[in-house]
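A.B. asks: Numbering-wise (my numbering), the sequence shown opens with residue 329 and increments by one.
Please note that a few of the clues may not be correct.
What the hints assert, rightly or not - Computed beta-carbon distance windows for the label pairs:
id, residue 1, residue 2, range
1, Asp494, Leu398, 37 to 43 Å
2, Gln377, Glu348, 18 to 24 Å
3, Gln385, Val336, 15 to 21 Å
4, Leu398, Glu359, 35 to 41 Å
5, Lys401, Gly488, 39 to 45 Å
6, Gln385, Thr332, 17 to 23 Å
7, Ser431, Val381, 21 to 27 Å
8, Glu449, Arg516, 18 to 24 Å
9, Leu398, Val355, 31 to 37 Å
10, Val381, Met441, 14 to 20 Å
11, Met357, Gln447, 36 to 42 Å
12, Val430, Val336, 21 to 27 Å
Stated by the list, open to error - Computed cross-link-like contacts, DSS-like style, restricted to lysine-lysine with a CA-CA straight-line distance of at most 30 Å:
id, residue 1, residue 2
13, Lys413, Lys439
14, Lys462, Lys367
15, Lys401, Lys413
16, Lys439, Lys469
17, Lys439, Lys462
18, Lys413, Lys462
19, Lys469, Lys517
20, Lys487, Lys439
21, Lys353, Lys335
22, Lys401, Lys439
23, Lys469, Lys367
24, Lys353, Lys367
25, Lys521, Lys335
Hints listed in this document are in silico derivations from the structure and should not be mistaken for laboratory results. On a predicted model such as this, the values are computed, not experimentally measured, just so you know. Backbone N, C-alpha and C fix where the C-beta goes; we use that ideal spot for every residue, glycine too.
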Amino acid sequence: GAGTNEKVLTEILASRTPAEVQNIKQVYMQEYEANLEDKITGETSGHFQRLLVVLLQANRDPDGRVDEALVEKDAQVLFRAGELKWGTDEETFITILGTRSVSHLRRVFDKYMTISGFQIEETIDRETSGDLEKLLLAVVKCIRSVPAYFAETLYYSMKGAGTDDDTLIRVMVSRSEIDLLDIRHEFRKNFAKSLHQMIQWFRKGAGSRGVALGVGEEIYDCDVEPLAPLKSRKKSHSGVIVSKSPLSGCEGVGSKDTSGDYRKALLLLCGGDDD
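Please model the complete structure; the sequences and the hints are all you need to start from.
C.D. replies: Written out as structure tokens, the structure reads:
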């Protein structure tokens with residue numbers, strides 16, 4: 329619908345594991361007393377809706393073993409459903425990309441290149457369009473590498489005439505305790521500059537400090553210790569941070585030294601008021 333953010337739906341459902349998707353659905357039900365799948369089907373349509381639902385059902389095969397005969401079959405089926413077909417069999421792409429295991433699909437992508445002479449991304453770009461194309465491409469990129477996908481997302485959130493503040497903050501906050509070190513590595517490797525350098529380049533002054541917290545910057549206006557190295561932070565088995573944030577108690581900094589979206593980022597990273 330008019331208020332639906334397809335970009336956010338794409339980013340979240342393409343990048344999360346089946347277990348994470350199940351947790352999201354449970355929390356959504358607890359918070360809003362509504363079924364997330366019902367909500368999404370009411371707000372989206374077509375093949376885009378169909379793939380969202382497949383991803384929401386979280387039925388991706390967890391088996392890490394690879395059956396080479398099935399790899400060959402899936403690669404051939406995808407080739408016939410796209411490049412060799414007048415029109416495109418979107419349902420085939422949705423079923424295979426939405427349910428096969430990560431290790432299996434990585435081999436399928438390699439085999440597809442051998443069979444067709446194209447990367448699977450090239451075929452998706454030619455054979456689909458709109459929100460479905462964006463979602464399929466996001467799924468493929470996340471199958472290849474979730475950190476590389478988020479590095480690219482961050483790069484394009486800052487590239488161009490204006491910064492996509494919502495995306496920049498959302499990714500920095502949501503990945504800061506998960507794989508931000510890996511994202512930083514992929515960013516440097518793929519874009520010939522560090523994530524910190526790009527944030528400083530595009531967001532100079534106080535505004536940049538709120539987001540720079542997540543990439544290892546010191547906090548200059550708050551009497552707390554700098555952020556601990558990301559890989560040293562402890563998690564529970566559920567992935568929830570169990571150690572107290574070093575930023576606790578500095579909420580006033582966000583209000584005083586930044587504004588707008590970057591104040592929001594600082595407050596999120598601070599973790600709440602301890603009073």
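A.B. asks: The structure should be examined with respect to each hint, and the outcome stated for every one.
C.D. replies: Outcome of the hint check:
1. A hinted range of 37 to 43 Å for the beta carbons of Asp494 and Leu398 is consistent with their spacing of about 40 Å.
2. In this structure the supplied range 18 to 24 Å holds for Gln377 paired with Glu348, their Cβ-Cβ distance being about 21 Å.
3. Against the hinted window of 15 to 21 Å, the Cβ-Cβ separation of Gln385 and Val336 comes to about 19 Å, which satisfies the hint.
4. Taken as a hint, the range 35 to 41 Å holds for the pair Leu398 and Glu359, whose Cβ atoms sit roughly 39 Å apart.
5. Checked against the given bound of 39 to 45 Å, the beta carbons of Lys401 and Gly488, roughly 41 Å apart, stay inside it.
6. Our hint of 17 to 23 Å for Gln385 and Thr332 holds, since their Cβ atoms are close to 19 Å apart.
7. Separated by about 24 Å at the C-beta atoms, Ser431 and Val381 satisfy the suggested range of 21 to 27 Å.
8. For Glu449 and Arg516, the hinted distance range of 18 to 24 Å is satisfied, since their beta carbons lie about 22 Å from each other.
9. The hinted range of 31 to 37 Å is satisfied by Leu398 and Val355, whose Cβ atoms lie roughly 34 Å apart.
10. With their beta carbons about 29 Å apart, Val381 and Met441 fall outside the hinted range of 14 to 20 Å.
11. For the hinted restraint 36 to 42 Å between Met357 and Gln447, the CB-CB distance of approximately 38 Å keeps it satisfied.
12. Between Val430 and Val336 the beta carbon distance is about 22 Å. The supplied range of 21 to 27 Å therefore holds.
13. Among the hinted pairs, Lys413 with Lys439 is consistent with the structure: their alpha-carbon atoms are about 19 Å apart, no more than 30 Å.
14. Our distance criterion of 30 Å between C-alpha atoms is met by Lys462 and Lys367, whose separation comes to about 20 Å.
15. Between the alpha carbons of Lys401 and Lys413 the distance comes to roughly 16 Å, so the proposed pair stays at or under 30 Å and holds.
16. The hinted pair formed by Lys439 and Lys469 meets the criterion: a straight-line CA distance of about 16 Å does not exceed 30 Å.
17. At most 30 Å may separate the alpha-carbon atoms for a hinted pair to count; Lys439 and Lys462 meet this at roughly 22 Å.
18. For the given pair, Lys413 sits about 21 Å from Lys462 by alpha-carbon distance, which is consistent with the 30 Å threshold.
19. About 16 Å separates the Cα atoms of Lys469 and Lys517, which keeps this hinted pair within 30 Å; it holds.
20. With a CA separation close to 33 Å, the supplied pair Lys487 and Lys439 exceeds the 30 Å bound.
21. Proximity of Lys353 to Lys335 is assessed by CA-CA distance (about 18 Å); at most 30 Å being required, the pair is judged to hold.
22. Distance hint between Lys401 and Lys439 is fulfilled; the C-alpha atoms sit about 10 Å from each other, no more than 30 Å.
23. Note on Lys469 and Lys367: the hinted pairing holds, with a Cα-Cα distance of about 26 Å set against a maximum of 30 Å.
24. At roughly 11 Å between alpha-carbon atoms, Lys353 and Lys367 fall within 30 Å of each other, so this suggested pair holds.
25. The hinted pair formed by Lys521 and Lys335 meets the criterion: a straight-line CA distance of about 25 Å does not exceed 30 Å.
The structure does not agree with the numbered hints 10 and 20 stated previously, though it agrees with the rest.
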